[in-house]
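Chains as they are written, first to last, in the working numbering: chain A, 214 to 486; chain B, 10 to 292.
Because the hints were derived from the structure by calculation, they are not lab data.
Please read all numbers here as calculations on a predicted model, not as lab measurements.
Heads up, the beta-carbon is just placed ideally off N, CA and C, and yes, glycines get one too.
Do not rely on the hints blindly, as some may be mistaken.
[What the hints assert, rightly or not] Estimated spans, in silico, between C-beta atoms of each pair:
hint : chain 1 : residue 1 : chain 2 : residue 2 : range
1    : A       : 247       : B       : 27        : 36 to 46 Å
2    : B       : 82        : A       : 228       : 23 to 33 Å
3    : B       : 81        : A       : 464       : 50 to 60 Å
4    : B       : 82        : A       : 365       : 51 to 61 Å
5    : B       : 142       : A       : 442       : 37 to 47 Å
[Stated by the list, open to error] Dumping the calculated DSS-like pairs for lysine-lysine here, alpha-carbon to alpha-carbon at most 25 Å:
hint : chain 1 : residue 1 : chain 2 : residue 2
6    : B       : 148       : B       : 135
7    : B       : 148       : A       : 239
8    : B       : 135       : A       : 239
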Amino acid sequence: MTALTQTPATAGPLALGLRQGGLEIKQFSRSREAVVFTMAFPAIMIVIFASIFDGEIGGGVNFTQYFITGMIATGLLSVGFQSLAIQIPAERDRGVLKRLRGTPMPQWVYFAGKVIMVFVVGLVETAVLLAVSTLFFGLELPGSGARWLTFLWVGVLGISACTLCGIAFSSVARTARSAPAVVTPVALILQFISGVFFVFTNLPTWMQQVAAIFPLKWMCQGLRSVFLPDSFAAQEPGGSWELGKVALVLGAWCVIGLILCITTFRWTTKRDG
Amino acid sequence: MTQEEPAIAVSGLRKAYGDNVAVAGVDLEVRRGEVFALLGPNGAGKTTTVEILEGYRHRDGGSVSVLGADPQHADKAWRSRVGIVLQGTGEFDDLTVSEVVRHFAGFYPNPDDPATVIRRVGLGDKERARTHTLSGGQKRRLDVALGIIGRPELLFLDEPTTGFDPEARREFWDLIRDLSAAGTTIVLTTHYLEEAEALADRLAVIAGGSLIAVSTPQALGDRQSAPATVSWRTADGTVERKETSTPTALIAEIATGFGGEVPGLTVTRPTLEDVYLTMIGHR
């Protein structure tokens, strides 16, 4: 370019990203249905599960301690994967993405905004879930720093994988109207085969093997190592918590999701050409 | 970059979607500081052409220079000098007018004052309104506000006044004249011929993917030089019509034939709309 070219945006990259995140959170918090359903859904689910299975899973550990792991994981899946895979096609249809593309906003800022929103919502939603479960259903919170640390990295890696896959999956739906129909079954099937609603090891072996391809199973397994006594590790399909494998699979999904995002993301609709 | 260099220079632009040729070799030059209108029926290649200039679409052939750069490789600095008002509105349902404009201001290195811009587009009393409560015309004004918040050197307006009432349209024209007076180059696509006539320094008519005319609105619609239609009743009572660029000579000739008054004589000149419709009809 030439001498007339102006200096780049005065706001630094960090400020740009945070601003976009703030905008996303503002939009989310003003959409009452989204707030109520996203925040309350996992808590309602734990109420239902804890009421149906109010006994022990064995060894003096109640069922809440098992199902909380599925509910946390499913909550992160819904915040990261489902909401983005439905929301982004809607924004694409409304022309929001095309309009942003016409500004000097760097592309990554849009994604940063989504990621910040997802992390904040995921954090609050998980906290609500833990509070309800502890107060009303006798959930015992992790008892050691090491377990909290595992909780942290499994949560962060898990929600990152879900978010990246959600953004990548947003290119699958051709229109905003078809997005929920495309996304919901994927999430629901993953939940059934990954041990969210049932004890994982009670599932048929082939189903366990299919589930092991996808991140949700590994998020649940990692979280079980946080909320269940170590004696339960022997009952896992691999005979241990396999935390290394958890990190590896979730990390791999982050990479796959990121590559798909970069290569397939569309700022305009199909009819825009 | 000198001021004499055109804002937009296009030559031999081609774009096809499969077998459907949308733009078939367009040459175009928009000078700095002028208001340039692009007219044409739906499907004529108007939007495709404009979106190539805006950097949204890739061309198949030809060369394009917008503000001295190829929009296909638009960078941040280039984007900050170009304002775009798209045909469809991209809404931010749960935000207020002020929040959206302020947010967009943050994308630009040297933005205008958001409150001033909001007033300028006539949304001063809607600053705190959620955007989903705005009427169609008000949403369009918000679109314009977002298009000009970065103080663009070049502004694209794609059918900006669709859904405006006559009063709002006049106000909008005043805004465009203001921007133009301040030196902004404006490229406008519109279906309203009176809008092109009111605003444009020059206009181009595009049909079937090709430019069929580039001129000033006056020259395009000029009744003095456009062919006139002379009609009269012949001796056997049928109406004869003849198109001519020399009506006076024709009438003199007919009058000689009749040896005096010509029965049912009319001479009509086409309006700008007639000229335009003839042009695109003849493709």
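Okay, the hints, checked on the actual structure:
no.	hint	in the structure
1	A:247 / B:27: 36 to 46 Å	40 Å, holds
2	B:82 / A:228: 23 to 33 Å	26 Å, holds
3	B:81 / A:464: 50 to 60 Å	36 Å, violated
4	B:82 / A:365: 51 to 61 Å	42 Å, violated
5	B:142 / A:442: 37 to 47 Å	55 Å, violated
6	B:148 / B:135	11 Å, holds
7	B:148 / A:239	20 Å, holds
8	B:135 / A:239	19 Å, holds
Hint violations for this structure: numbers 3, 4 and 5, all remaining hints satisfied.
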